[in-house]
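Residues per chain, in single letters:
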Amino acid sequence: MTLNYRNIALFAGMALLLVLEGASAKNAIFSGSWDTSLGILNVGLISAVLALGVNIQWGYAGLFNAGVVGFVAIGGLAPVLVAMPANPGAFSAGGIGLAAAFAAAVATVWLAILVNRRASLQVRLIAVPLILIGGFLLYRALFGPATTAIEAVNTAAAGNLGGLGLPVVLAWPVGAVFAAGAAWVVGKTALGLRSDYLAIATLGIGEIIVSVLRNEEWLARGVLNVNGIPRPWPVPREIDLQSSADFVARAASLGLDPVSASTLTVKLLYSALFLIVLLVLIWLTQKALSSPWGRMMRAIRDNETAAAAMGKNITRRHLQVFILGSAVCGLAGAMMITLDGQMTPGSYNPLRYTFLIWVMVIVGGSGNNFGSVLGAMLIWYLYTKAESWGPQLMAFVTSGMADGSAIKAHLLASAEQMRLLTMGLILLLVLRFSPRGLIPEK
Amino acid sequence: MDFLNAIVALLNFVIIPASAYGAQLALGALGVTLIYGILRFSNFAHGDTMAFGTAITILVTWGLQALGVSISPLPTALLALPFGILATAALVLGTDRAVYRFYRKKKSDPIILVMASVGVMFMMNGITRFVIGVRDIQFDDGVRFVINAREFRAATGLAEGLALRSTQVITLVTAVLVVWALFWFLGRTRTGKSMRAFSDNEDLALLSGINPERVVAVTWIIAAALATIAGTLFGLDKSFKAFNYFQLLLPIFAAAIVGGLGNPLGAIAGGFVIAFSEVAVTFDFRKVVAYLVPGDWTPDGPIQLLSTEYKFAVSFTILIIVLLFRPTGIFRGKST
Amino acid sequence: MSFLEAHNMTGGYGAADILHGCSLSVEKGQIAVIVGPNGAGKSTAMKAVFGMLKLRGGHVMLEGEDITQLSPQARVAKGMAFVPQTSNVFPSMTVEENLEMGAFLRRDNVAATMEQVYALFPILRDKRRQAAGELSGGQRQQVAVGRALMTVPKLLMLDEPTAGVSPIVMDELFDRIIEVARTGISILMVEQNARQALNIADMGYVLVQGSNRYTDTGEALLADPDVRRTFLGG
Chain Z
1 MTLNYRNIAL FAGMALLLVL EGASAKNAIF SGSWDTSLGI LNVGLISAVL ALGVNIQWGY
61 AGLFNAGVVG FVAIGGLAPV LVAMPANPGA FSAGGIGLAA AFAAAVATVW LAILVNRRAS
121 LQVRLIAVPL ILIGGFLLYR ALFGPATTAI EAVNTAAAGN LGGLGLPVVL AWPVGAVFAA
181 GAAWVVGKTA LGLRSDYLAI ATLGIGEIIV SVLRNEEWLA RGVLNVNGIP RPWPVPREID
241 LQSSADFVAR AASLGLDPVS ASTLTVKLLY SALFLIVLLV LIWLTQKALS SPWGRMMRAI
301 RDNETAAAAM GKNITRRHLQ VFILGSAVCG LAGAMMITLD GQMTPGSYNP LRYTFLIWVM
361 VIVGGSGNNF GSVLGAMLIW YLYTKAESWG PQLMAFVTSG MADGSAIKAH LLASAEQMRL
421 LTMGLILLLV LRFSPRGLIP EK
Chain F
1 MDFLNAIVAL LNFVIIPASA YGAQLALGAL GVTLIYGILR FSNFAHGDTM AFGTAITILV
61 TWGLQALGVS ISPLPTALLA LPFGILATAA LVLGTDRAVY RFYRKKKSDP IILVMASVGV
121 MFMMNGITRF VIGVRDIQFD DGVRFVINAR EFRAATGLAE GLALRSTQVI TLVTAVLVVW
181 ALFWFLGRTR TGKSMRAFSD NEDLALLSGI NPERVVAVTW IIAAALATIA GTLFGLDKSF
241 KAFNYFQLLL PIFAAAIVGG LGNPLGAIAG GFVIAFSEVA VTFDFRKVVA YLVPGDWTPD
301 GPIQLLSTEY KFAVSFTILI IVLLFRPTGI FRGKST
Chain U
1 MSFLEAHNMT GGYGAADILH GCSLSVEKGQ IAVIVGPNGA GKSTAMKAVF GMLKLRGGHV
61 MLEGEDITQL SPQARVAKGM AFVPQTSNVF PSMTVEENLE MGAFLRRDNV AATMEQVYAL
121 FPILRDKRRQ AAGELSGGQR QQVAVGRALM TVPKLLMLDE PTAGVSPIVM DELFDRIIEV
181 ARTGISILMV EQNARQALNI ADMGYVLVQG SNRYTDTGEA LLADPDVRRT FLGG
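In order, the protein sequences belong to chains Z, F and U. With the first letter of the first sequence counted as 1, position 63 gets the number 63 in this note's numbering; the numbers rise by one all the way through. With the first letter of the second sequence counted as 1, position 101 gets the number 101 in this note's numbering; the numbers rise by one all the way through. With the first letter of the third sequence counted as 1, position 68 gets the number 68 in this note's numbering; the numbers rise by one all the way through.
The following block holds chain Z by itself, in its conformation from the complex (with noise of 0.2 Å):
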């Protein structure tokens, strides 16, 4: 992106939507609380990671990821099996017979594979679904008994495998990873068919992602959700902060009390280390796109037939930039669930983590990074803004409505929804009358 005053301006004034949301008083628009404005920036920051992902996968490619979700929860796992400690006794209690649970669904596939490649019609058409069940029922056999086993172990507190007892930050490229290997899955069978498979497979492989991590307890505790997942250093424990001396004088001399002066250091200090990940990753994904790999990518996009004339594999290509893309969705999970210090798989709803960030990139201007990353703050600024402004402004609406009707108490009850009311408008205005979205490419 050349050096564009409107472009400037544009970051400019969400950089001032957010100190305004710090620095004003408490009114109808913003809160007026530093605390609120820092935390719609550190989301709001993992967001714009998490559009960049979708931005390589759609700006770049032209690829519909609809199971972004199922990729930001697996990335999710990583900081859980990464940074938790491990829960002592589950590893010996089921650890053996879940790896040799997974070594025979290994062995299972390649048997099967291998013998669909070798053998003629008539054994392959009764054989390897024979090995497939038998394989199915072998893996379930072990599998059953190990898990319940692990389960047992500290029950209350844990009752999972735990994890490894690293630095979380280790996590992150963990969480990118994870994430890759799900889209190299999908991509090897949806890629290459009508662009609206993969969009439909990957519906189904987010589900599937979601589904896992609410009902395996033994790995991330399922809806019991995994608690206290360790800070990433630098960023220090808020009740730590509260109890230095030092800290607490020097919040004095700012004029802010301990609690909210060791909540807002905590909160800045993530901000930091995103901006950080995020600006590194704008860096990366430039300079590829500038490249000629980027120049491949775009040609591939704007025309197969003859980008596949000049000899290109295009389901190739597209492989790499989904797997690409994925990966970075699932940095941005592990990142979001450091943040959180949590895992709680059932918040993972599709239309907050794909489909809100297909509005963040299509908003900002699909193709252009600088633009993925303003419509993720943005749009998610608005979303969360959405919870107070709508109540507010339904409030205002049905002013002039008796007190104690049935339709004013339905219409403040139904707030909430507006706001995906107000998403799928947002999206559906920006796609008709302004496609390139506020940042075009080029």
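Hints were generated in silico from the structure; no laboratory data involved. For clarity, every value in this text was computed on a predicted model and none was experimentally measured. Ideal Cβ positions, reconstructed from N, Cα and C, are used throughout, including at glycine. Check each hint, because a few of them may be wrong.
These stretches of chain U come out as covered by chain F in the derived footprint (C-beta under 8 Å, 3 or more residues) [claimed, not checked]:
(1) 77-87
(2) 90-103
Calculated Cβ distances over 12 Å to all of chain F for the following chain Z residues [what the hints assert, rightly or not]:
(3) Leu16
(4) Leu20
(5) Ala119
(6) Thr265
(7) Gly341
(8) Ala395
(9) Lys408
Given chain Z, put chains F and U in place with the hints provided.
Using the frame of chain Z, we list chains F and U on its own:
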């Protein structure tokens, strides 16, 4: 006798529920496949169209109940259904006018239409929640059972009971009638044939003087009717919750693709393939096996391939298998 | 004045014109054939006559009426029918349904017209319950022509009707086309098989780079040594 018990258990827990669910999926998939055949995109808003249609049907049902109108022993919702269909048809026609027509005229890439349908999905989802809320709603006020498990046991002397809920019978009967009407329409009427012609070869249809906007409008009306009927039957059989309808999108898409996108017959077959696989794979067969093998042979654990939480994985797996081996579906739909 | 007169047609798909002052005319009940090398704009000229291409210059007259501004659908209503070169049937519909769709705009009884089509192409009667997509190439062309005839057109336009069919089927198709012309329907057709096509043509147009190179009766063109050497391979 044990053999009969096994059959009854199988009927009760697999065949009957899967048939009803299959009919609901088939009706949903028919809507998706028709839209695909005529408008050439996968409509992500179809689940929420079903939810909207059902929500309106429920509201009218409540209204009728308040007026004391009843068609007992049938659920009042059946009487409300036409109103739901009308409202939904009006909504989707309005949506087409406001959203899709623009991209159609511009001959946009199908994926842009898919994207637009996501926006429509959001809005319909919001409207539905606004209209009826997010609660779980039971609106079946008809007679609950055609065959009651206790009476069945008493009458036959079998140990295993057979329950046939009236909503299951209503689902199957309605589905048969609707499918018959649809195929009669597509195969026998001038408008229906023009729809098939349009789906087959759009340019030639234009050369033959077929009015594309009329075909599109009729398609939306039929899709709205199918969606409302499917959604209402699903809601009567289980319950109504807006989010569940969004989740139906995956099995419905799977059914349509398995059968071959754009192929109505395929959509019906696909619906039943998905439903039977889903129910059979997540059913614990221990009870059935226990009747068939000597007592001490019965395993202790459940004989179940997957737990019910993973029923979505079933439609997904079938979808993947079909995409890998026969991307045009069993009945050879459109591949491009 | 001829039945159909396309005068001085100029136009193309994008910025560059493909047709440069091309003129065609067809007399009532006669066969006019457009031949020429690849890329000469034969099919484009056809599309221009049928209104599938916006003209920058020139006009098209049918029975003395200027139809230059009409849409293809409106031209169908005026009595023109067009058989595209490819995708010219509804593959999943039966032969009979294909014919019915051809008569979509007609509100009167189409049974008699259908009988005439079946009389012209007897094989279609036997296959009338079969999906058009399952037929052989030659049979499919017959369905395509039959579909176009169902509107009872006054002018039938055929874009390479014999593309991809065997020589025997080609002769058969040409015979049928002559029969159609005898019923008083004018025919305008583009052909790759120039020699055979000029043989049955009352009027022939040799197009090169979007404009008329030779215009004469079919017989005269076949006899012209220049035409023979350049376009008919000696």
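Check: Regarding the assertion that Leu16/Z does not contact chain F, is the least Cβ-Cβ distance greater than 12 Å?
Finding: Holds, since 28 Å exceeds 12 Å.
Next item on the list: Beyond 12 Å from every chain F Cβ: check whether that's true for Thr265/Z.
Entry: At about 37 Å from chain F, Thr265/Z clears the 12 Å cut-off, so the statement holds.
Check: Does the claim that Leu20/Z lies off the interface hold, with its Cβ farther than 12 Å from every Cβ of chain F?
Finding: Its Cβ never comes within 12 Å of chain F, the nearest being 28 Å, so this holds.
Margin query: The output says Ala395/Z does not contact chain F. Does that hold with a beta carbon cutoff of 12 Å?
Written below: Given a closest Cβ separation of 16 Å, the condition holds.
Notebook entry, point to check: Does Gly341/Z sit more than 12 Å from chain F, CB to CB?
Noted result: 26 Å, holds
Note to self: Quick check: do three or more residues in the region 90-103 of chain U have a beta carbon closer than 8 Å to a beta carbon of chain F?
What the structure shows: Three-residue rule met by the region 90-103 of chain U, so holds; n is 8.
Item checked: Closest CB of chain F to the CB of Ala119/Z still more than 12 Å away -> 17 Å, holds
Next item on the list: Decide, holds or violated, for the assertion that all CB atoms of chain F are farther than 12 Å from the CB of Lys408/Z.
Entry: 14 Å, holds
Check: Holds or violated: the region 77-87 of chain U covered by chain F, criterion of 3 or more residues with Cβ-Cβ distance under 8 Å?
Finding: This one holds; 4 residues, not fewer than the three required, reach chain F with a Cβ under 8 Å.
In this structure, every one of the numbered hints holds.
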